[in-house]
Amino acid sequence: DAKTTQPTSMDCAEGRAANLPCNHSTISGNEYVYWYRQIHSQGPQYIIHGLKNNETNEMASLIITEDRKSSTLILPHATLRDTAVYYCIVRPGGSQGNLIFGKGTKLSVKP
Amino acid sequence: NAGVTQTPKFQVLKTGQSMTLQCAQDMNHNSMYWYRQDPGMGLRLIYYSASEGTTDKGEVPNGYNVSRLNKREFSLRLESAAPSQTSVYFCASSFSGTSGEQYFGPGTRLTVT
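Sequence lines, in order, name chains H and G. Counting from 1, one number per residue, gives the positions in the first sequence under the working numbering. Counting from 1, one number per residue, gives the positions in the second sequence under the working numbering.
Hints are supplied without guarantee of correctness; some may be wrong.
Unchecked claim - Distance condition first, Cα-Cα at most 27 angstroms in a straight line; then the derived DSSO-like pairs of lysine-lysine:
(1) G/Lys-71 to G/Lys-14
(2) G/Lys-57 to H/Lys-3
(3) H/Lys-106 to H/Lys-3
(4) H/Lys-52 to H/Lys-103
(5) G/Lys-57 to H/Lys-103
(6) H/Lys-103 to G/Lys-14
(7) G/Lys-14 to H/Lys-106
(8) H/Lys-52 to H/Lys-69
(9) H/Lys-3 to H/Lys-103
In short, the hints are calculated from the structure, not lab data.
Use the sequences and the hints to build the structure in full.
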């Protein structure tokens, strides 16, 4: 699987957009980008995924660069409840089994 | 929908004791997974079941057994608990084994003394 690189931590003011970057420069053509988050002591929560087009759902937007070497997860109006560790995961389409979670980015939303 | 439920939430075992962690999902998913998470580390896959009647080893299967009881339920058994199995255990499910969209339970916090 392609590896991902994320900043260790980020801060964001409540009500502002949180932009979480992820570098996946060795991504292959059939690999999807997934984003999960883990709020303290809870199970990971699926947020969004994409292949090459930008995606949006009720939780977030995912922007993937044209060369697919990096992506950004956008939380449009961060709240205190969005404080969590955010994981960017690259996974081949059609592969079986697990997700490989790295260390992620600790996002702290501050009042 | 309750999603993915796990029991118990907390458990303390003595070395050598056995126990079974229970997991159930009500999303009609075909695939189920057991992960463990140690402090400061990412999740590691123990076992998974791509569909009812099948199970496969993950990254760290030693010391564990699993049973896919039916489509809804997937249990994890520790036959002889060891301190190295102190961890938080998460169960997850997905529509298919190839889906990266997995839904996780709240976890079981296990301490082995």
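- Message: Please verify whether H/Lys-52 and H/Lys-69 have alpha carbons no more than 27 angstroms apart.
- Response: At roughly 10 angstroms apart (the allowed maximum being 27 angstroms), H/Lys-69 and H/Lys-52 satisfy the hint.
request  = Would you check the hint for G/Lys-57 and H/Lys-103, treating anything up to 27 angstroms between C-alpha atoms as holding?
outcome  = holds (23 angstroms)
* Holds or violated: are the alpha carbons of H/Lys-106 and H/Lys-3 at most 27 angstroms from each other? -> Roughly 18 angstroms between the alpha carbons, so the hint for H/Lys-106 and H/Lys-3 holds.
Taking 27 angstroms as the top limit, are the C-alpha atoms of G/Lys-14 and H/Lys-106 close enough?
violated (34 angstroms)
Straight-line alpha-carbon gap H/Lys-103 to G/Lys-14, limit 27 angstroms
violated (31 angstroms)
Report task. Quickly compare the C-alpha distance for G/Lys-71 and G/Lys-14 to 27 angstroms and report which way the hint goes. Result -> violated (32 angstroms)
Has the given pair, H/Lys-3 with H/Lys-103, been kept, meaning a C-alpha gap of at most 27 angstroms?
OK: H/Lys-3 and H/Lys-103 at ~11 angstroms, within 27 angstroms.
If you draw a straight line from the CA of G/Lys-57 to the CA of H/Lys-3, is it 27 angstroms or shorter? Roughly 22 angstroms between the alpha carbons, so the hint for G/Lys-57 and H/Lys-3 holds.
Is it true that the CA of H/Lys-52 sits at most 27 angstroms from the CA of H/Lys-103? holds (24 angstroms)
Checked against the numbered hints given earlier, the structure breaks hints 1, 6 and 7 and satisfies all the rest.
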